[in-house]
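2 protein chains.
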Amino acid sequence: MKIGLLGHGVVGSGVRKIIDRQLSDETKQLEIVKILVKSEAEMTDARMTLDADDILNDPSIDTVCECMGGLEPAHSFIKKALQEHKNAVTSNKKMLAAFAEELFALAQENHVQLKYEAACGGGIPWIHELEHIQRIDEIHYFKGIFNGTSNYILTRMNNENKEFGAMIKEAQGLGYAERDPSDDIDGWDVRYKTVLSSLAAFHTIVDPEEIPTFGIRNITKEEIAFCHEHGYVCKLIGSGADHDNFVSIFVRPCFVKKEDVFASIPLNYNALECDSDTLGKAVFIGQGAGSLPTAHAVVQDLIAIAKHEHASMQTYEHKPVSAGDEQGVFYLRTKKTALFNPSLIDHRIGSDAFVTKKISFMDMRVAAESLNDESVFLAEVAE
Amino acid sequence: MKIGLLGHGVVGSGVRKIIDRQLSDETKQLEIVKILVKSEAEMTDARMTLDADDILNDPSIDTVCECMGGLEPAHSFIKKALQEHKNAVTSNKKMLAAFAEELFALAQENHVQLKYEAACGGGIPWIHELEHIQRIDEIHYFKGIFNGTSNYILTRMNNENKEFGAMIKEAQGLGYAERDPSDDIDGWDVRYKTVLSSLAAFHTIVDPEEIPTFGIRNITKEEIAFCHEHGYVCKLIGSGADHDNFVSIFVRPCFVKKEDVFASIPLNYNALECDSDTLGKAVFIGQGAGSLPTAHAVVQDLIAIAKHEHASMQTYEHKPVSAGDEQGVFYLRTKKTALFNPSLIDHRIGSDAFVTKKISFMDMRVAAESLNDESVFLAEVAE
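The listed protein sequences correspond, in order, to chains A and B.
No gaps in the numbering here: position 331 of the first sequence is 331 in my numbering, and each next residue is one more.
No gaps in the numbering here: position 113 of the second sequence is 113 in my numbering, and each next residue is one more.
There could be a bad hint or two in this list.
Where chains are identical, the list cannot tell them apart; a pair therefore holds if satisfied intra-copy or between any two copies.
[Unchecked claim] Capping the alpha-carbon separation at 25 Å, the derived lysine-lysine pairs in PhoX-like fashion look like this:
1. Lys281 with Lys17
2. Lys162 with Lys257
3. Lys2 with Lys79
4. Lys38 with Lys79
5. Lys257 with Lys358
6. Lys162 with Lys258
7. Lys38 with Lys80
8. Lys162 with Lys221
9. Lys221 with Lys336
10. Lys335 with Lys221
Hints listed in this document are in silico derivations from the structure and should not be mistaken for laboratory results.
Could you put the whole structure together from the sequences, leaning on the hints where they help?
As structure tokens, then:
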């Protein structure tokens with residue numbers, strides 16, 4: 001299978017290395033014939049080009065592999081590739097979460113594959129397993145630690161009593177966090193991954209903006225102390241459950257019990273759980289990012305396309321996000337406690353924090369957002 | 001695909017239920033046409049028979065599915081099925097570990113498949129994932145909690161300070177443990193599963209008897225107290241690593257650090273880890289037994305055969321088991337401490353237990369077995 005590689009950064013160069021070494025029977029079926037790079041300086045190989053059309057207009061290329069990141073031009077390139085009857089593999093969660101409806105319709109119309117294993121869960125064969133389980137079962141829910149950077153920060157804060165500010169600087173120094181870390185610490189990255197998980201698990205397309213999303217930006221030593229005192233560990237969790245007329249998806253820090261498997265997920269690892277009819281609860285743990293684990297996931301998609309393993313063409317239903325009957329207990333710290341409806345408070349912790357009664361996460365979102373407090377920290381508390 | 005089901009107990013009846021409900025496109029490709037049962041009383045369905053030859057001699061049956069357990073007649077039935085050019089799927093770890101060399105040679109000779117997902121890791125897609133990862137990578141090692149019954153006992157002993165004897169009775173009452181619990185508590189079940197994991201991960205056949213195997217039969221509250229005091233949790237672990245001329249496989253209780261993922265695996269769950277070139281460390285957690293999770297694994301094998309997904313026919317190399325350079329630190333409790341070489345002891349714990357210096361597990365096996373103490377308890381101590 002002839003592949004055009006779009007992007008040669010951390011993931012793209014890993015994909016090139018894995019395919020070029022030709023170590024297995026399966027990777028020997030793959031050949032990268034052209035590679036789009038960003039500058040003359042990166043043109044270290046006869047396959048490299050600065051012009052995407054060299055790839056998108058080349059009829060000998062079966063499959064395009066996008067590892068560029070960002071919304072544009074990644075989206076336009078994938079769109080054109082699908083229109084040109086090329087299969088597409090992407091590691092770009094933000095782009096795919098935003099354009100899933102358009103791109104999957106295009107793939108179906110042009111009878112080609114669009115695959116995204118690397119966009120969700122890095123090296124964990126998460127999308128593959130969700131699809132594999134559905135050969136037999138329906139998936140009821142998924143839940144997991146989807147972001148390695150925030151898990152790295154939370155693990156170190158928990159173990160070493162460090163401040164959030166010092167940890168984010170260290171993560172940036174190590175290359176784990178971007179200069180603008182918002183995607184990782186405000187929960188947006190997890191939001192995109194819950195959108196992609198719903199696609200695979202429930203065949204449902206949701207609007208990312210509808211998903212209540214709380215991050216870890218405002219966590220302090222106070223919360224870590226609260227967790228230690230009550231036998232909890234704080235983790236950033238994304239979850240989703242399927243219902244007839246809606247999906248309930250939610251991204252928020254959780255105070256999980258220290259005996260819980262999620263509590264022991266170290267540093268930059270991810271852990272993803274699903275539950276289904278006959279298989280029951282299954283958890284998958286692996287590196288959520290990194291050049292080679294993510295590139296491994298991309299190459300698995302390419303092999304599946306080369307081997308024609310795709311399931312029958314999938315159709316997706318657009319559904320709204322709602323909380324339904326699902327409720328939780330929440331920890332909230334805010335300078336504006338006086339503005340919070342006291343009938344929803346179970347008990348107070350010091351002057352600026354409290355634990356709520358059971359409340360739906362949609363109601364919690366409205367209550368938290370109406371405080372209009374930029375320093376608010378919210379977490380669900382495991383029962 | 002027409003299937004003959006051998007055995008209609010816990011797993012076999014689960015397989016029948018999943019296939020008969022015909023819920024997915026994939027299970028609709030499967031049809032159970034005959035079912036071997038043990039007595040007239042079990043003949044509740046027109047497909048049932050008391051004569052295995054009704055299945056093994058039926059040329060319309062493509063695939064035989066063995067869920068009987070035990071060495072014979074399961075082994076003879078599978079052998080005959082393969083000779084009759086039928087694919088075979090088995091959930092029988094003990095039989096397959098004992099006859100792997102003969103049966104895989106027969107499968108190859110007759111150009112049929114022999115699959116065993118359910119024999120190792122219950123509902124965890126462990127064998128599938130080991131094979132899937134090898135589309136790209138070589139597997140370096142595997143390690144895991146392979147036995148749900150012993151994990152149930154250890155979890156309850158750890159959390160509730162119960163005695164081993166009380167826990168084994170309770171597990172028997174719940175149907176988690178057999179009347180003769182030796183396979184589960186003496187490590188034999190884990191031994192068989194490490195043999196099957198080596199088959200899938202390293203394409204290596206080993207003699208089960210060569211694997212040093214220590215169980216949890218002699219664990220007492222003293223060990224649990226030692227673990228609590230030093231931040232450990234005791235788990236029964238099987239592991240394997242591939243080398244050029246040998247494999248190192250070892251089954252033993254381990255005192256793992258309480259922050260370790262393995263420490264948090266609850267009750268009857270299994271957790272299986274592997275490490276490979278580009279994917280790195282991956283951990284899979286799920287129900288290690290139970291009618292439907294195990295039956296799910298059997299049906300996944302049947303679907304893979306129906307879809308002709310088999311990799312190229314695998315050949316297996318027979319290798320000896322050796323420790324190589326691998327060393328560990330061990331906790332040992334014995335009434336015969338005086339017989340143990342004192343130069344290997346790092347420090348003593350009370351009058352009848354001690355922690356060794358670093359020592360190879362093959363040397364540890366020889367030293368422990370030469371004590372000839374039926375009440376000896378041995379565990380590896382994580383560093």
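We went through each hint and held it up to the structure:
1. For the homomeric pair Lys281 and Lys17, the shortest alpha-carbon distance between copies (19 Å) is at most 25 Å, but the shortest distance inside one copy (35 Å) is not.
2. In this assembly of identical chains, Lys162 and Lys257 lie within 25 Å of each other by CA distance both inside one copy and across copies; the values are 21 Å within and 22 Å between.
3. Taking the closest pair of Cα atoms, Lys2 and Lys79 come within 25 Å of each other only inside a single copy of the chain (18 Å); across copies the shortest separation is 43 Å, beyond that limit.
4. Taking CA atoms no more than 25 Å apart as the test, Lys38 paired with Lys79 passes inside one copy only; the shortest distance there is 20 Å, against 59 Å between copies.
5. Taking the shortest Cα distances, Lys257 and Lys358 sit within 25 Å of each other inside one copy (18 Å), while across copies they are farther apart (35 Å).
6. Within a single copy, Lys162 and Lys258 get their C-alpha atoms as close as 19 Å, and across copies as close as 21 Å, so both meet the 25 Å cut-off.
7. Taking identical chains as interchangeable, the C-alpha atoms of Lys38 and Lys80 lie at most 25 Å apart only when both belong to the same chain, with a minimum of 19 Å there against 61 Å between chains.
8. For the identical chains of this complex, Lys162 and Lys221 are intra-copy neighbours only, at 7 Å inside a copy versus 37 Å across copies, given an alpha-carbon limit of 25 Å.
9. In the homo-oligomer, the alpha carbons of Lys221 and Lys336 lie at most 25 Å apart inside one protomer (19 Å), although the nearest pairing across protomers, at 51 Å, exceeds that limit.
10. With identical chains, the CA atoms of Lys335 and Lys221 are at most 25 Å apart within one copy only, with a shortest distance of 16 Å there and 49 Å across copies.
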